[in-house]
Amino acid sequence: GDFPENGFVLQPGNIDSFKIKINPSFKDEKIYSDSLTVQTAESGTQTILLHAKTQAGTAVQGGIVNGIWAKDKGPYNVYSDIAITEGNALFIEPGTEIVFYGLFGLTVNENARLLALGAPKDSIKFCAADSSLGWHGIDFLSSGSDDTLKYCIITGGGPLGADFQGYGGAIYAFASSPN
Numbered sequence: 003g004d005f006p007e008n009g010f011v012l013q014p015g016n017i018d019s020f021k022i023k024i025n026p027s028f029k030d031e032k033i034y035s036d037s038l039t040v041q042t043a044e045s046g047t048q049t050i051l052l053h054a055k056t057q058a059g060t061a062v063q064g065g066i067v068n069g070i071w072a073k074d075k076g077p078y079n080v081y082s083d084i085a086i087t088e089g090n091a092l093f094i095e096p097g098t099e100i101v102f103y104g105l106f107g108l109t110v111n112e113n114a115r116l117l118a119l120g121a122p123k124d125s126i127k128f129c130a131a132d133s134s135l136g137w138h139g140i141d142f143l144s145s146g147s148d149d150t151l152k153y154c155i156i157t158g159g160g161p162l163g164a165d166f167q168g169y170g171g172a173i174y175a176f177a178s179s180p181n
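Throughout the sequence shown, residue numbering follows my numbering, covering 3 to 181 in sequence.
Derived by calculation from the structure, the hints in this document are not laboratory data.
Among the hints, erroneous ones may be present.
[Claimed, not checked] Pairs of lysine-lysine, DSS-like flavour, derived with a Cα cap of 27 Å:
| # | residue 1 | residue 2 |
| --- | --- | --- |
| 1 | LYS123 | LYS73 |
| 2 | LYS75 | LYS152 |
| 3 | LYS127 | LYS73 |
| 4 | LYS127 | LYS152 |
| 5 | LYS75 | LYS127 |
| 6 | LYS75 | LYS123 |
| 7 | LYS73 | LYS152 |
[What the hints assert, rightly or not] Pairwise CB distance ranges (calculated):
| # | residue 1 | residue 2 | range |
| --- | --- | --- | --- |
| 8 | GLN41 | ASP124 | 53 to 63 Å |
| 9 | SER45 | PHE176 | 51 to 61 Å |
| 10 | ASP36 | ALA91 | 34 to 44 Å |
Virtual Cβ for every residue (Gly too), placed ideally from N, Cα, C.
When you get a sec, could you build the whole thing from the sequences and use the hints?
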């Protein structure tokens, strides 16, 4: 439930732990800071500093992706591996930026479709949030020949792990012919 802003009291013996969830709904990037004061009979008063950073754009938590990724909803911040699965399609509009926060990638599976159609002066960008760490890249796995990457800038992607993931670079195509 919702707690009052000040003065919430945990009764001894009733709760071992609790979570604090910061869920801002701001569109702009901003750093928020506050503190939580905890007072116990055993250890006295302790202050915990809390910091949260909001990021502009759309958070992509991982899993199956499809639909339309529009420039005005970006950047798309990817926090886990994502995939376009059989029967699904992802259309990425010109000027859209996709940023991978860790060693994650985009997989285009069999009978799935990726259309990333940038323009000469409005490219689509795939990149890592941390250029020294990189990201996994785009893997086309038996996806056929109906995938298109046009006017896309792909930086920092590379292979990871064993099996098919040990091959390729920013783009890996197995039994696929993306355009």
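How the hints compare with the structure:
For the suggested pair LYS123 and LYS73, the alpha carbons sit about 14 Å apart, so the restraint of at most 27 Å is met. Note on LYS75 and LYS152: the hinted pairing holds, with a Cα-Cα distance of about 20 Å set against a maximum of 27 Å. Restraint check for LYS127 and LYS73: the C-alpha separation of about 11 Å stays at or below 27 Å, so the hint holds. For the hint pairing LYS127 with LYS152, the CA-to-CA distance comes to about 11 Å; that is within 27 Å, so the pair holds.
Only pairs whose Cα atoms come within 27 Å are accepted, and LYS75 paired with LYS127 is accepted, the gap being roughly 14 Å. Taken as a hint, the LYS75 and LYS123 pair is honoured in the structure, with Cα atoms around 19 Å apart against an allowance of 27 Å. Simply put, LYS73 and LYS152 have alpha-carbon atoms about 15 Å apart, close enough for the 27 Å limit, and the pair holds. Checked against the hint of 53 to 63 Å, the C-beta distance between GLN41 and ASP124 comes to roughly 55 Å, which is consistent with it.
Take SER45 and PHE176: their Cβ atoms lie about 57 Å apart, and the range 51 to 61 Å holds. For ASP36 paired with ALA91, a C-beta distance near 42 Å keeps the hint of 34 to 44 Å intact.
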